[in-house]
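From first to last, the protein sequence lines stand for chains A and B.
Quick note on the working numbering: the first sequence kicks off at 1 and runs consecutively.
Quick note on the working numbering: the second sequence kicks off at 1 and runs consecutively.
Just to be clear, a hint being listed does not mean it is correct.
As the list claims (entries may be wrong) - Derived coverage of chain A by chain B (criterion: at least 3 residues anywhere in the stretch with Cβ under 8 Å from a Cβ of chain B; other residues may be distant):
1. 37 to 49
2. 53 to 62
What the hints assert, rightly or not - Here are the computed distance ranges between Cβ atoms for each label pair:
3. A/P93 with B/T324: 51 to 59 Å
4. A/D77 with B/N298: 48 to 56 Å
5. B/T264 with A/E222: 29 to 37 Å
6. A/S76 with B/H219: 51 to 59 Å
7. B/T264 with A/A206: 45 to 53 Å
8. B/D352 with A/N215: 42 to 50 Å
9. B/G328 with A/P93: 41 to 49 Å
10. A/G55 with B/N112: 45 to 53 Å
It should be emphasised that the hints constitute simulated quantities derived from the structure, not laboratory data.
Here a beta-carbon is modelled for each residue, glycine too, at the ideal position from N, C-alpha and C.
One-letter residues, chain by chain:
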Amino acid sequence: MERRSSLHLFVAALLFFAGSARGAGIQIPEGPGSNLVYAKCQTCHDLQYVADAKGLLPAQWKAVLASMNDYGLEISDQEKSTILNYLTTYLGPNPPPAKPEAQAASIDGKTVFQQSCATCHGADGQGQPGYFPPLAGNPDLFKDSLFPVLVVLNGISGPITVEGKSYNGSMPAFDHLSNTEIAAVINFIRDGWGNGSKASQMKPVAPELVAQQRNHALSPSEMHARRENMESK
Amino acid sequence: MDSRDYGHLNRRTFLQVAGTAGAAAGLASAPGGRALAQAAEKPNAAEIIQGKSPEMIVYNAKLGVMGTPLNMLREHRFTPAEILYNRTHFPVDGVNKWVATTAPADRETVQNWTILVSGLVQRPKTLKVADLEQMDLVKRISVMQCAGNGRSYYWAKAKTPGSGWEHGGMGNLSWEGVLLKPLLKSLDLSPSDSVKFLTTNGKDVPPVKGGADMIKSVHLAFPQLDDAILAVRMNGKPIPTIHGGPVRLIIPGYYGNMCVKWVTDLMLMDEPTPSAIMQKTYRMPLMQVEPGKFTTQNLTRENSDPTYGFRIMSVVFAPLRGQTVKAGEVELKGVAWNDGVVPLTQVRISLDQGKSWQEAEVDNSDGPYAWYHWQKSVKLDPGDHEVWVCATDAWGRSQPLDGLTTWNPGGWSWHGVDRVGFKAA
């Protein structure tokens, strides 16, 4: 009987997540600031709005960014000017021809964190009650060496409970980040805010590990199943 | 009669037309070569909102924004939930995931659902939706339309932000609910004499802290408010959750953003809500404005009006844009509507770019707020043709021959004469 009811729960969970949308996978031209757009804008809408608005005049992009402020976008003045520069250059009326972006000389996990993660998870990894779980002291970081990589590559949405508190935000996939950036940011998070003592027992994430996982996209239900599995270990 | 006769179009034509629409939608979202490959991976509408047709045109997957291809929209007198457009303002994959289905709310949700009626009143009251269902329900057949419907046509002048709707951001629906004003009166609220606005909030919440809520205010004195209902049924069934069930404010003749979904609060107020979704967006400037010189940030209460009632509009349903029809007797068909305050008096068509006009036959049997169905048989030689359609109402309101004259920075309220090119062979 007990077995049967846990099966019921499992089936119910599958049904609940079966209808969840995959990431919309909308891409925007690469350029200085494009990563910031991926990181800041997809909390509230996917990037189809940004891509479809290609051709807006500079004054219009400025107005769009100002209105996003009203809808809850929190960015620093510097981030705002980087994003505005990107939008007016690459999605303005006269975008430059696409060219491969020169690789940044060095990649630093803290910078990636500040650009891509801090908006939702907080500058000190404290999270947002009810929406986004903290990264400081989050046991999910340490149960399974791979899980954080999967979260960054696939995103995760739907309700989760962390340390007895529930969260129901929605994290998009951050697969626009390079393997090196993803490895660096996970290592930075695993070392930060008092997480360090646990991190010392784990091998740092290598870019190759990220590369191996990149081609196996996981659906929201698969991500939750993976997380449940990890919890019970 | 539940479906319209467009039998002269064969199935192959339908598929061709649908294919073209799909390809266009894919292209619109593809900024570069790399993105074209990605477009194929975009989730379809049925994966985003349970119960929707996968044929819907998706404008924003995360927000569940989708429109109806015209070849599907025109087949029904009342637009079925599976193909009705959707605009929600917050992601349908996080805290608001419960809305992402066409299924109605379950019994328990309905039993527990209450609406707080408050504001500038002496005696605030709480309404139960379960009680509303037991009261006398009145029926309202009304067009539901996104204020952004037709936005992509403005882009011929200059790009605006927002979804690139064609004409599929609308539907014709039958709603049933409790007449709003008598209901408010029956509650014995004792409102202040200063009350002028009804402010409505729904259960959906912004995805981030501090985000503007989807909350709207309407003038209680405007005529459509006398016909407004707190609706509990759509097309004869409990309202699909994605479309506002179990309870939605339906102000017939008003754009969708004013018909607040999932109502939890009704407030009688002296001023409209300061929420950005009321004051900074969904507003039409009162004067002609130019791209780049006037942006959405320049919209104020003084220089713009909220998108309340529909601008008078007509659309061609047959032939469809780009279609080839048999030369000879050709039946032109479509729909027209306005804000319902006065009736439409005339729908005219032109086959020579507006030099001469012919009056179409009009069927308005569904009442002042519904689609008026128009049709006109014409004789056409083989070759390229373009039909224009223009509606006029009893106040002399009509559509601009050049819709771009109402270009505005949010791309709202497109109502230009519809111009549809097709071929006769």
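Right, here's what the structure says about each hint:
{"no.": "1", "hint": "37 to 49", "in the structure": "holds (count 7)"}
{"no.": "2", "hint": "53 to 62", "in the structure": "holds (count 9)"}
{"no.": "3", "hint": "A/P93 with B/T324: 51 to 59 Å", "in the structure": "35 Å, violated"}
{"no.": "4", "hint": "A/D77 with B/N298: 48 to 56 Å", "in the structure": "22 Å, violated"}
{"no.": "5", "hint": "B/T264 with A/E222: 29 to 37 Å", "in the structure": "35 Å, holds"}
{"no.": "6", "hint": "A/S76 with B/H219: 51 to 59 Å", "in the structure": "40 Å, violated"}
{"no.": "7", "hint": "B/T264 with A/A206: 45 to 53 Å", "in the structure": "50 Å, holds"}
{"no.": "8", "hint": "B/D352 with A/N215: 42 to 50 Å", "in the structure": "58 Å, violated"}
{"no.": "9", "hint": "B/G328 with A/P93: 41 to 49 Å", "in the structure": "46 Å, holds"}
{"no.": "10", "hint": "A/G55 with B/N112: 45 to 53 Å", "in the structure": "47 Å, holds"}
The structure fails to meet hints 3, 4, 6 and 8 from the earlier list, while all remaining hints are met.
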